[in-house]
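**Q** Line by line, the protein sequences give chains A and B. Read left to right, the first sequence gives residues 113 to 531 (my numbering). Read left to right, the second sequence gives residues 113 to 531 (my numbering).
Treat each hint with caution, since some may be false.
No copy is singled out in the list; a pair is fine if it fits within one copy or between any two copies.
As the list claims (entries may be wrong) - Capping the alpha-carbon separation at 27 Å, the derived lysine-lysine pairs in DSS-like fashion look like this:
1. Lys372 to Lys115
2. Lys396 to Lys371
3. Lys460 to Lys336
4. Lys460 to Lys314
5. Lys241 to Lys323
Think of the hints as simulated: they come from the structure by calculation, not from any bench.
Number of protein chains: 2
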Amino acid sequence: MGKLARKVAIVGAGMSKFGAHYPKKRNPDLWVDAWLDAVERTDNGIEPKDIDACYVGNFTSDLFNHQGHLAPQMADLVGLTPKPASRFEGACASSGIALRQAVLSIASGVHDVIAVAGVECMTEQPTVKVTDALAAASDALFEYPAGATFPGLYATVATAHFKEFGTTSEDLMRVAIKNHENGAENPYAQMQQSIKQIMESKKARYEQQGKEIPDWKDEFDFLKSPSNIMIAYPLTLFDCSLVTDGAACLFVAAENIAKKFTDTPIWIEGTGQGSDALSLHDRKSLTTFRATKEAARQAYEMAGLGPKDIQIAEVHDCFTIAEILAMEDLGFYEKGKAVEAIRNGETKRDGKLPINASGGLKSKGHPVGATGAAHVVEIFKQLRGIAERNRQIKSTPEIALTHNLGGSGGTCVVNIYRI
Amino acid sequence: MGKLARKVAIVGAGMSKFGAHYPKKRNPDLWVDAWLDAVERTDNGIEPKDIDACYVGNFTSDLFNHQGHLAPQMADLVGLTPKPASRFEGACASSGIALRQAVLSIASGVHDVIAVAGVECMTEQPTVKVTDALAAASDALFEYPAGATFPGLYATVATAHFKEFGTTSEDLMRVAIKNHENGAENPYAQMQQSIKQIMESKKARYEQQGKEIPDWKDEFDFLKSPSNIMIAYPLTLFDCSLVTDGAACLFVAAENIAKKFTDTPIWIEGTGQGSDALSLHDRKSLTTFRATKEAARQAYEMAGLGPKDIQIAEVHDCFTIAEILAMEDLGFYEKGKAVEAIRNGETKRDGKLPINASGGLKSKGHPVGATGAAHVVEIFKQLRGIAERNRQIKSTPEIALTHNLGGSGGTCVVNIYRI
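Please put together the full structure from these sequences, using the hints given.
**A** Listed below in structure tokens is the structure:
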């Protein structure tokens with residue numbers, strides 16, 4: 113793997129509000145929201161004439177909205193016709209791939225500025241159909257016909273992690289509690305409530321209805337109660353990310369042109385991508401995602417940096433267990449040791465290595481194809497010190513990492529950024 | 113649009129036999145067939161360890177096979193795990209995009225050799241579902257809900273072309289007759305029969321069944337008869353490409369490494385991509401595809417060549433009318449003048465500018481996501497003088513062009529090659 117022939121930077125980033133927006137908003141509306149948000153956050157402005165191409169990350173508008181061939185539509189909505197417009201798909205890593213391809217395309221010398229989109233409108237379908245559509249990211253020959261869906265596949269991973277390393281349900285809860293606390297500080301998040309707030313409002317509703325108020329002393333009590341239903345042992349409702357409509361937009365530019373748009377570009381120091389067999393049964397380990405390790409290896413090598421240099425990270429917490437695997441596979445912690453860091457609060461906003469300050473997929477929401485680009489929106493804000501409410505990391509980090517996973521680890525894209 | 117930071121070449125190319133293969137063969141089997149064929153056609157051999165990444169063009173295995181997230185699966189089947197594996201989608205231009213992204217990725221300096229796949233398995237679904245799935249490449253907000261499908265959309269284009277330029281049904285028939293004559297010489301084609309042969313075998317069947325033998329004097333008589341059913345006026349069955357399962361594989365390499373694999377690389381001299389509004393009603397013209405014009409402009413500019421330099425072309429004849437539009441939009445002929453060239457036989461194998469010597473989508477078959485890569489397989493053979501049977505252009509061309517269209521012209525990729 114070689115070096116980029118020229119440097120590439122993010123010069124603007126924005127997103128739509130994440131939530132259940134259908135039918136008021138669909139992909140076109142969400143994308144325009146994200147585009148306008150990103151334009152506003154590009155210091156010197158940016159116009160369609162400045163942009164050479166539109167790269168769209170989307171998992172499956174085919175199954176969600178019966179709309180394939182999404183990229184020209186997205187390009188047209190923001191005045192980019194007849195420029196190149198392409199869709200990139202790697203399940204939930206789709207816009208991670210779109211960004212990576214934009215970086216490579218700019219480094220190639222052919223393009224100078226690319227608009228990267230991540231879009232997904234999931235709530236047009238009822239939840240059972242969403243689960244079925246998402247299952248298309250598993251192996252259609254072996255896993256899907258056997259009835260596997262993603263909560264079940266990640267439950268398998270969690271069970272193995274429990275057995276090998278003594279990880280517990282409480283550890284998973286700690287991930288959820290932290291991410292909801294962060295999401296409560298994110299005005300773009302789908303669930304802007306801490307789990308404590310959710311618990312208190314449940315209590316209030318019980319009281320209002322004249323029912324017996326549950327005796328929950330803290331979030332753990334609440335999360336262990338039947339109110340937090342079991343989805344696939346050991347994963348409960350609060351271990352799962354959300355079903356979300358949303359979009360994100362990134363403006364990516366070559367080094368010689370980046371300063372036209374801003375004095376403080378966010379440089380892509382390293383980019384890596386890995387793959388793995390789709391089926392869990394085809395892998396040597398259930399508790400290590402090989403695609404993550406490979407993507408991280410490439411990204412660190414290109415950046416000339418290591419895990420210890422990373423000051424903040426957005427990782428792919430589609431399920432709470434996935435955040436734990438990512439912390440280990442990215443080299444932040446030894447295998448089996450991530451939970452210690454979680455127990456010590458190291459990954460909270462005021463900890464040694466803040467993870468998912470945005471609220472993560474868990475609380476910010478997970479419009480699958482948009483998630484990779486949305487990771488970068490948070491990093492863009494954190495590195496510039498402009499994250500909203502009380503979410504900004506006080507020390508204003510300078511080096512960051514994003515980790516975007518597809519399926520049960522069949523695809524992974526890791527990028528490293530520096531301001 | 114800038115130049116490629118380094119040159120890129122095709123060093124191997126192959127394909128599966130195109131046809132109706134399901135359930136005996138699905139995407140994984142078709143892809144492995146194509147891979148093995150391409151390995152065999154790589155002079156000095158090629159192994160997984162030589163390859164940095166796997167780029168997969170596929171329109172909608174989501175809707176056809178309930179398999180999204182296709183790329184890691186394809187990579188795994190040929191020993192490329194854990195390398196980067198990504199899917200690229202632009203409807204029927206999907207593997208054209210995959211190749212273009214491979215070219216850009218290699219030029220970027222990050223990758224040296226990429227395996228490009230085009231795959232589609234369509235016959236798992238009944239034809240009515242195929243038509244419905246393909247319609248996802250039209251506009252899901254306006255065209256699809258109005259009942260538009262692709263035969264109807266291209267019929268609209270054809271009717272407008274008839275009106276503006278006096279093009280006739282006979283002109284469309286000439287395209288079909290030529291392409292079937294070419295396909296009859298292609299051992300990988302789905303329909304290896306000229307229309308004359310099809311007509312004669314129909315007559316023989318009538319005779320066998322003791323029925324009155326139709327009085328068809330030539331192919332035109334046959335094509336005007338009720339045996340050639342009307343699909344969407346003026347497009348008949350024989351104006352439509354086929355529903356096909358198939359895959360193609362290209363090995364793409366950087367200039368400094370291409371010679372490791374072959375002494376006669378096929379150089380990518382120019383690559384271009386354009387987009388347009390998905391909906392026909394959003395366009396200024398029904399008889400010009402703006403995406404083609406834009407893609408061609410970029411490709412010619414990068415190559416420093418013009419339409420007059422092209423000695424052979426594979427163009428996207430999803431419907432016969434599409435070949436006519438391509439001939440004009442690529443600048444080979446003035447608008448409205450392509451049919452003259454067709455009437456004069458200029459685009460036949462022994463003509464001035466052979467078009468679709470492979471048999472085209474019309475006769476070779478159209479596994480939608482595989483088509484762009486399959487175009488290149490034919491060019492690879494023609495430039496090397498190794499096309500099978502009587503298909504090889506006698507003068508062995510040195511400069512070639514491929515034209516890969518998505519939907520009703522929402523996406524177009526044009527590449528120019530030189531041996």
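**Q** When no copy is specified for Lys460 and Lys314, does a C-alpha distance of 27 Å or less occur within a copy, between copies, both, or neither?
**A** This pair counts as within: shortest intra-copy Cα distance 25 Å, inter-copy 75 Å.
**Q** From the Cα coordinates, with 27 Å as the cut-off, is the pair Lys460 and Lys336 best called within, between, both, or neither?
**A** within (22 Å within a copy, 74 Å between copies)
**Q** Can you give me the call for Lys372 and Lys115, within, between, both or neither, at a CA distance of at most 27 Å?
**A** both (24 Å within a copy, 21 Å between copies)
**Q** Which holds for Lys396 with Lys371 at a C-alpha limit of 27 Å: within a copy, between copies, both or neither?
**A** For Lys396 and Lys371, neither the intra-copy (46 Å) nor the inter-copy (37 Å) Cα distance is at most 27 Å.
**Q** At most 27 Å between alpha carbons: which applies to Lys241 and Lys323, within, between, both or neither?
**A** Neither. Shortest intra-copy (34 Å) and inter-copy (52 Å) distances fail the 27 Å Cα cut-off.
Of the numbered hints given earlier, the model fails hints 2, 5; all others are met.
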